[in-house]
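Using the sequences and the hints given, assemble the complete structure.
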Amino acid sequence: MDDLDRRLINRLQLGLPLVPRPWEALAEELHSDAATLRARVQALLDDGTLTRFGPMFDIDRLGGAFTLAALSVPEERFDAVAAILDGLPEVAHNYRREHEWNMWFVLGCATPEGISDTIARIETLTGLPVLNLPKEETYHVGLHFPV
Amino acid sequence: MSACTSRYDGALIRRLMELTQAGLPLVDNPWAWIGEQLGLDEQAVLDLLRQLQNDGAIRRIAAVPNHYRLGYRHNGMTVWDVDDAELPRLGPLLGAQPFVSHCYRRPRRDGWRYNLFAMVHGRSAEEIEAYRAQIRELLGEACRADEMLVSSRILKKTGLRI
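Residue numbers (the working numbering), protein chains in the order written: chain A, 20 to 166; chain B, 6 to 167.
Derived from the structure by calculation, the hints contain no laboratory data. Worth double-checking, as some hints may not be accurate.
[Unchecked claim] Examples of chain B residues lying across from chain A (beta carbon under 8 angstroms, computed): (1) 62; (2) 63; (3) 65; (4) 71; (5) 77; (6) 158; (7) 162.
[Stated by the list, open to error] Not close to chain B: a few residues of chain A, all C-beta gaps over 10 angstroms, as computed: (8) 21; (9) 23; (10) 34; (11) 48; (12) 70; (13) 93; (14) 94; (15) 132; (16) 135; (17) 138; (18) 144; (19) 146.
[Unchecked claim] According to the in silico footprint, chain B covers these stretches of chain A (three or more CB under 8 angstroms from chain B): (20) 100–112; (21) 149–155.
Backbone N, C-alpha and C define an ideal beta-carbon position, used for all residues, glycine too.
Written as structure tokens, this is what we have:
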């Protein structure tokens, strides 16, 4: 990763400008040229430094329903319960966290009913109560990792 | 359905999402490319994207770094039991800290006392502990208890789909 890569990653986390010929606008800002920048982004995607480049939709605002939920899973059942959640398409992310509530996951469904149905299904499949913590207010969302 | 959905052609937005789910192609003129797929001219695509961005339906058209790859290997979900009356002031204050990536109010439950969540990321365990200490300082006496839940394993990561 060289200096141009770093500047490009930092700049592109803020977003491509919504102007005609956006790559040329960016090239001017970064004192490079449009074709070079696109080739650099492709290389950073190919080597896994970037996971995606594209519009970041706030799907909340477009009608989906989401929640953060947790389970307190006995150690001896941990992998089996993780495998159950892995098989459910409604489960987007799932992390082990070091706490009594040791499994934390995000559910995404088209409707609020989808969320309650999925929670009921997880409780049936695992025999464990789900801690359901939907967000009530968003104070900030904005990942920025300076490099 | 949220209020803002009705302002848009839902089918068009869905096609835009499907079209760009895997990412925007790295072409010279991405707006013209989207327009060709959706049957719009370049200016109409730009107008639509600006409208969606103004309304918050699209946050930005951006690069998402693999934060593990960039050295941000430690993340902590800090959770705080904060006086409800103080949340309108303290929530935005926490959200404004550069090391906080997500900050939300969530409900208390039986066996769960924390109503304010702030996710912090760093390059070492010490770094995220220091962030937690900074947050504690900011919250002051409004905070009654807190914990930091450190992630130790990614069990699934597929991204949200609707």
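Results of checking the hints against the structure:
1. 62: Constraint on residue 62/B satisfied, holds at 5 angstroms.
2. 63: holds (5 angstroms)
3. 65: Holds, about 3 angstroms.
4. 71: holds (5 angstroms)
5. 77: holds (5 angstroms)
6. 158: holds (4 angstroms)
7. 162: With a minimum Cβ separation of about 5 angstroms from chain A (threshold 8 angstroms), the hint on residue 162/B holds.
8. 21: Holds, because the least Cβ-Cβ distance between residue 21/A and chain B comes to about 15 angstroms, which exceeds 10 angstroms.
9. 23: holds (14 angstroms)
10. 34: Since the minimum Cβ distance to chain B is about 3 angstroms, residue 34/A lies within 10 angstroms and the statement is violated.
11. 48: It holds; residue 48/A is separated from chain B by about 15 angstroms at its closest Cβ, greater than 10 angstroms.
12. 70: Non-interface label on residue 70/A violated, nearest chain B Cβ at 5 angstroms vs cutoff 10 angstroms.
13. 93: Nearest chain B Cβ is 16 angstroms from residue 93/A, so the label holds.
14. 94: Holds, because the least Cβ-Cβ distance between residue 94/A and chain B comes to about 13 angstroms, which exceeds 10 angstroms.
15. 132: holds (13 angstroms)
16. 135: holds (15 angstroms)
17. 138: holds (13 angstroms)
18. 144: holds (15 angstroms)
19. 146: Consistent with the label, residue 146/A stays out of reach of chain B, its closest Cβ about 17 angstroms off (over 10 angstroms).
20. 100–112: holds (count 7)
21. 149–155: Since 6 is at least three, the answer is holds.
The structure does not agree with the numbered hints 10, 12 stated previously, though it agrees with the rest.
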